[in-house]
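Q: Next come the chains, spelled out residue by residue.
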Amino acid sequence: MLLSALSCFILFAAVLFLLFFGAVWSWFSRRRPERAKWLGALSAMLGCCAGTVLALPAAAQWVPAQHFAFLGLHWQIDALAGFFMLPVLLLGLAAAGHSLGYLQGHGGQRQGTYWFFFNLTLLAMLLVCAAATYIELLLAWELMGVMSFALVAFSFQEQETRHAAWVYLLACHAGAVFLILMFVLAGNPNPGYAGTAVACGLLGFGLKAGFPILHVWLPEAHPAAPAPVSAIMSAAMLNLGIYGILRFLPPVSPGLLGWLLLGLGLSGALLGIVLALAQVNLKRLLAYSSIENMGIAFLGLGLGFLGLSQQNAAMAVCGLGGGLLHLWNHALLKGTLFLLAGAVFKSTGTLIIDKMGGLGKDLPVSKNLFIANAAALSGLPPGNAFLSEIMIYLAAFQGVLSGNHVILAAAIIAAVGLALSGGLAAAAFCKASAAVFLGAARNPRNHEPHPECRLMLGPELFLSLLALASVIFAPWLWENILPGVLQQSPLIGGGSWPLSAEHGSQTLSAVRNFSFAIIALIAVLGFLRHRQLRRKVLDTGCTWDCGYALPTARMQYTGTAFTQPLSDYFRLTLGRHRSTVPVQGYFPQEAAVHITASDPGDRLVWHPLSRFTARIADKTRRIQSGYLHLYILMILIALIAMLIYAVASSLPPAAAPEPALPAAGQLHQNAAPLQP
Amino acid sequence: MLALLMVLLPLLFAAAAPILRKRPLALYSLLPVAGLSLCLVLAADLFCPERDLFSLYLGGTPILAADAISRFFLQLTAGLFLAVSVHAFFWLPATREHSSHRVPGTRTMHRYLFVLFLLAFVSMMNLSILSAHFGLLWVAVEATTLASAPLILYHCSEGSLEAMWKYLLLCSIGIGLALFGILLLAFAGKISSCPPASLGFADLSAPGVSFHPVWFKIGFVFCLAGFGTKMGLVPFHSWLPDAHSEAPAPVSALLSGALLNCCLLAVMRTLRLAPAEVLPFCRTMLTILGLLSVLVAAFLIIRQKDFKRMLAYSSIEHLGLCALLLCYCQTALTTHVIAHSVSKMMLFLLAGNILLAYDTRSISKVTGMFSTLPRTACLWLIGLFAICGTPPSPLFVTEYLLVTSLPPLLAILLLVLLFIVFAGMATACLSMTMGTPAPGSHERQAAQAAAEQLTIVPGAAALGILILGYITTLWMKQLL
Amino acid sequence: MPQNPFFWWAGLITALLLAPLLPGVINKTKACFVGRQGPSLLQPYYNLHKLFRKDCIRSSTSCGPLAWAPGLELSALLLALLFLPYANQLSPFAFTGDAFLFAYLLGLGRFALVIGAMDTGSSFEGMGASREVQFAALTEGAFFAVIGFLAFASRSLNLSEMLSCPLPANVPTVIAAVILAAGIAFIVMLVENSRVPFDDPETHLELTMIHEAMILDYSGPDLGFILYSAALKLWLMTALVVLMLLPGDLASAPVLFILHLLGVLLGGIVIGAVEAVSARFRFLKLPQFLLGALCTALIALALTVIGTGGGR
Amino acid sequence: MNDLLSLLLGALLVLNLLLASASRLRHCIKLVAIQGVLLGLLSLACAQSSGGHNWQFLLVMILSLLIKGGLLPYLLLYTMRRISVRRELEPVVGYSLSLVIILALTGGAFWLSSITPTAVAHGASPLVLPAALSTISTGLFLMVTRRKAITQVIGFLVFENGISIFGTGMMIHNGLLVELGLLLDIFALVFIMGLAVFNINRSFQHIDTHSLNALGD
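These protein sequence lines are chains A, B, C and D, in that order. Just so it is clear: in the first sequence, position 105 is 105 by the numbering used here, and no numbers are missing. Residues are numbered in the numbering used here as their position in the second sequence, beginning at 1, plus a constant of 676. Residues are numbered in the numbering used here as their position in the third sequence, beginning at 1, plus a constant of 1156. Residues are numbered in the numbering used here as their position in the fourth sequence, beginning at 1, plus a constant of 1468.
Just so you know, these hints were derived from the structure itself, not from any lab. Remember, predicted model here, so these are calculated numbers, not experimental data. Ideal Cβ placement from N, Cα and C applies to all residues, glycine included. Among the hints, a few may not be true.
One-sided and incomplete, this derived list gives chain A residues near chain D with beta-carbon spacing under 8 Å [what the hints assert, rightly or not]:
{"hint": "1", "residue": "484"}
{"hint": "2", "residue": "487"}
{"hint": "3", "residue": "489"}
{"hint": "4", "residue": "621"}
{"hint": "5", "residue": "627"}
{"hint": "6", "residue": "633"}
{"hint": "7", "residue": "636"}
{"hint": "8", "residue": "640"}
Produce the complete structure using the sequences and hints provided.
A: Quick look at the structure:
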């Protein structure tokens, strides 16, 4: 026991040491980008490996929970912390590898700054997971916000990157403010403030996890950040919001929390995926799909907490387990997709889907990986996201079978909503993979297509293999990791209620077998087709174009066109979002349709709020008018007000009905006697 | 005895200034030497704390004395002055050489006058901290106004003239009200059951002394209005943005960093005298003024066009926080004061560098600092995060302690206001540091190179803040 | 009622063998309605036989998915076949939650088809794929509502038990609810298999096709795979509707086996009849129609909840 | 002795009215000089009635007489002559209206002192509190309503005199060093304000503080 405690402390110190000094060293060797690159990358990868050695045993409960003090602050590594550290470490490893290839072109000279902030962001995220008390959490939370802001603002020459970085910084700070409020109100003795404390906690952590209205920074920050950074942010950083809720949320009744998370999850999932449909930028589409998947995870957790409140063991286990499993699956798949988006950006120089097309011929391996991961992420069977979604469906339908009618109604709506979001997700990812990789290249790219960069493929393959492995080990993961992880969270009642895992494991192993069955069947049919065609002549012709004389690549269905029926149906791209250059005359020169899909969260909530603050600010500017006489007058009025208040408050309470004070000096309204 | 030394030493160096009029290098070196000597004097006090070296008696009543809190303020002011003087030593020649932006007609104040008034300003601040008699406190605070007013006129432009006139007039009215307040306090003592012997703090806070409650309240209101004007609490703050933005960088650093603390000390002294039944009233007044300051400063920062005025409003906001801390959580006050002074001094010195390099004070014209002034840009962002209270900075700890001790509704309002301030300042600082440099910036190459050398003192200050932040986090762990 | 796995396997094999017969039946009934003689019942078999022996032409713009898409779709459907309780016998492969696997396997097949269609880079296939995806997304909801209804009616999450369970209570409302749910399942089947009210399989106008547009560029064995999987899907969904209507405890296994075969063929005739008498809906009306289907399925569930006295 | 005291205070009150209605700048400066002299005599009279003779008090009294009565007015006249400002003041508020306002303020001061009997009893004479309050309010009124920089200095001087009336009237003695400090500060303040007015005139070619509003937000 002592050995493991000591080794855990040494490992933790080693990880911090590696990341911190790697960062500082690469900062100081900014002048020589090559050295800074290898220094930063190696320290990041070593740090992540050491971290995995630290986090995996903790998550798998081979080692008991550790609690120790380092640099005067208290840290603890237990199952829950370990479970949420793993995505951070694995994604960190993959992103570090990918950055080596990604930064060759445009970010080459500023490797030193990149690796400095990259390592410190990883460090901050690990500290958030390992924080024991709220002081360390706030410290690490804000540090993570600032360091990842610097990464988002890495290519700050463009205007939209600066705007995105600014929005992101404000969102992180607002989150920290809500957290401070939560800890303050939770510490408040009288019980009246417990409700507001929970609300502030949900708002603070929800800002990081992408709640429906609080999600506006996510689609701004991810396209602006370099691909490896947006991979880490969407895969690992969003989970920390949920980690915060599970560990630091003040005690609240599971029923209430269940309803809240259910509502937020459902609206987040549907809002996220509907907006993803209408996006033109590839990374914005992936960012919105992260919001959708976070919504699905919240849906699972919500159903789990409802199960807890109804003492319905099956529903609780499937819901909570399904939610956490979905976070894990989403982390792996979304990380790969963002890295692939980075590869696409490197080879075409743009992220606008309608400008790409036919990339499959240049990046064959990336194409297959993208289609496979996209299918997996939209929940289709051989993928690992299907495992967690089936668990959430089971939780929903356990709710349907349970006696309570209200739970039945909520569960069936949740199930239908999840199905709808699954279908829309399939549509969105079809659009993404088809418009980018398949068909013919829409505009002829000026530079010659350089071969696929090996460095960038490695991490993507690594993550995809991990996704496949998590299909194989899903039942093992379900039986002995998830119950231990869930016990750690104070909300789930720490062992007072048996969280046995036998409810879902039978389904998981069956689904695992059928996934292998599908792959086997595909192989058989592929072989059958191959044998059938071996003897035949196999030649190629042009696609069926109904005999049209001059087929061009621009006649293909673009991404926007692909999802136009759906986004029109959801009123996203109609009205003021669509500006058209109409066709004039018999021989029309040029006509165009320009469709922009603005985020309803921005349009309805945040822009009016900022306009309102600006209006107040304009009114208060009149105080500083510049006229000396008005300043002196202001001082005198304030003085008289204070004097009136002083004399009024010093009158004995049982004063004569008519106070002896001059009737003229009426009590100044804002100086009402405020007895603290 | 040491107290007299603290007051007279800068005056001595000030007297030497006109003599060295012809040799600028020796003249400029006067400042760091004076700063160093003040620190040595304080070091002497630290080494033998048991003997009370500070008190000076005149005719029985102590004139100058230093209790724990004023010793802290002394060390802070001396430290700040040392840092500013070292910066000024390099900054003054650079400004003379590169500040071509002034209209050719306007002249800058003569070097020795600037050094003279700066040293006089520091000695008067020491006097106001060390004074043990209310009347002497008033004289010293009035003297600081007189000494600092000409400093604003270093670049004698229309703006600085207007700022100086407003500064003089409004502060004098404020100080006049404070004098009337002091007389009213004395009068309240006189007509009470057992009057204090004299206006010295020792006699006033003697155990037996009592005050007539109503007249004490009126006296306190006048004192609060008077010292509040000098401190920059909102209804009385109007001179502060003009004075701090027009004054040259070292002067505005000292104005924000040191002078506002002396007035805070004066308000603390009056609050300490308040008898028990008047205390709630005084705390309510301070809370109202504090919250009003944070509120108005927050909404004024958002729409700011000038980065020095933005820093001035941030000083108003932080002094509002100090007023709140004074009422609710005295323990965190000293940390807040030292953290605010050091980071505000760093920011004002950096603002001076940016003004030197870009020759404009408008935020929209300053862009792309990362490419033209990389070191200043990094320190500028560190300053932003330090002053807005992000965790590594000590201000986060004090704001957290303040919010825990405030009633919940006020806590929520305060946190929202602090967020608005962060939003306003972040917008300005980010638009200044990022982006591509303006087309016309390449011909100011020499000025930019000069500005880059001037980042030694701000860098040291930034390091100091981070270390202080770590120490205060550990201190906070034991506290809660 | 005693389980007899033999009849389940018999049902499976008949499904594999007789699947192409169903399109033949549908075309024959449509021809009879308009007085034409129409193609022979075995015409689909002849087509398949011919196709498997022909050469294959591949589009030049495609880069891979066109080759493995038909295989993926066929394997998904073959696997989906394993979960249905033919002749009301519990399928040996059943497990809790296999209804969702069944639904998502259909989704996988559709995803493969759409990716294959977009690979060719032709505007017709793009249009077909976009419409297919739109309707599929909206029917998912209705299909899961039906599964919800079945789960509540049969108190179990296992597709086989759902479809082969006796009537929860022979109260008129529950019977009405079961028929209503079967109707919704029938509509879902029509959309999934792109039959007339939603899409016309025999049209020659590329702009009006949905499913047919997606398989314009397939030839030889690929086209064979796709036609066979389309037929399998038709058989699968019709069997689903029929098994919903056949209460589990009606008769012994052989009788049920014959009944379910006749039911499926009868379903084919009903589809043919529906196609002959009704014309296509306007595209913009279809989403409202599908959401209407979703709501009726939820109403059916509500009826059963009330009918069975609020569940056990 | 008491009647001399009340005579002086009465004169001070009348002086306030004259100040409010003074339209010539030179005339205003003379009135302030007279007020300084009266203040010196007032402190002498209070010392007589309380019998606090000692050399320190006499030194302070003579110095304040000299500075407030002689030196400061001379300084203001010198500045006025150097910048050759136009004679008449353009007040924001008309002369007759300002006279009425000052009258109202003095009435208010008398009314305030009537409702706080305890304070009046402690002063040298019942007139001290009202005289002090009215002079203070006149000083502030002058600063708020007069446009010219010099009149604002004059307003400030009247304001300071009001405060010292209260100080001497209520016999609050702060010791020699503090009294000298007060006088030195006031002299230095007016001296620097004179310098500032001189500079403003040179760069703005006018000293109308109302148009000094460039630094607004």
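Q: With reference to the structure, classify each hint as holding or not holding.
A: Here is what the structure says about each hint:
no.	hint	verdict
1	484	violated, 59 Å
2	487	violated, 57 Å
3	489	violated, 50 Å
4	621	holds, 5 Å
5	627	holds, 5 Å
6	633	holds, 6 Å
7	636	holds, 6 Å
8	640	violated, 11 Å
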